[in-house]
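Each chain, letter by letter, is given below.
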Amino acid sequence: GESVGLHLPTLSVQEGDNSIINCAYSNSASDYFIWYKQESGKGPQFIIDIRSNMDKRQGQRVTVLLNKTVKHLSLQIAATQPGDSAVYFCAEPTLGSNYKLTFGKGTLLTVNP
Amino acid sequence: SQTIHQWPATLVQPVGSPLSLECTVEGTSNPNLYWYRQAAGRGLQLLFYSVGIGQISSEVPQNLSASRPQDRQFILSSKKLLLSDSGFYLCAWSVQAPAIGELFFGEGSRLTVL
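As given, the protein sequences belong to chains A and B, one line each in that order.
Count along the first sequence starting at 1, add 258, and that's the number in my numbering.
Count along the second sequence starting at 1, add 72, and that's the number in my numbering.
Heads up, a few of these hints could be off.
As the list claims (entries may be wrong) - On the chain A side, residues computed to face chain B include the following (Cβ under 10 Å): (1) Leu269; (2) Phe304; (3) Pro351; (4) Gly364; (5) Thr368; (6) Asn370.
Claimed, not checked - Now the in silico label distances, taken between C-beta atoms and shown as ranges: (7) A/Arg309 with B/Trp79: 32 to 38 Å; (8) A/Phe304 with B/Glu94: 34 to 40 Å; (9) A/Asp313 with B/Val87: 30 to 36 Å; (10) A/Asn370 with B/Gln145: 40 to 46 Å; (11) B/Gln168 with A/Ser284: 26 to 32 Å; (12) A/Leu353 with B/Thr82: 49 to 55 Å; (13) B/His77 with A/Gly317: 49 to 55 Å.
Hints were generated in silico from the structure; no laboratory data involved.
Cβ atoms here follow ideal geometry from the backbone N, Cα and C, with glycine treated the same way.
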């Protein structure tokens, strides 16, 4: 089964608010995590990644937090914009494989104007 | 820079007809290649991956097959489509490395089987 899952399947926010998308993982040996954004009808796009030797990594308007103690990953989007509306997936290397990623089920983020 | 192309973008096929989806990668050599399927409103299901020419690993038993005739070409096929084959098919590539890293996805091919 999947080792990466999401707490909330949908999230609705007002434009300008901050968004937080959560992800739980079960493989404590995972050393790399990725967040993808998938707009409707398109392929997933890389947003940001983080290695297990870090707790936090920041990009442009996005921050990923990693809590290894409770095996929890979150993506924070600052000043959410309508263009942020999409499905967000977390992913980690598949246990026992050097070639595959395991994806979470995804969270649909809707930004209301 | 690297780019990935897959086609056709949209396909409507009758049950029992054959299928061929093609994916090519440019700007890199010896990539890992992947085919994923995504049902409506669902997550990503890995179907096949390849670490080299002629090397195909199948993840899910089904009536689909994959081939890699050239280093940067990955083809998804079926001899006879089923209704359950409908979905959004995504090709992806990654750099050959000791461990998996980022996957780069194509724009997808939407298949509707009627």
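Task: Violations among the numbered hints, reported as their numbers in ascending order - done: 1, 5, 6, 8, 9, 12 and 13
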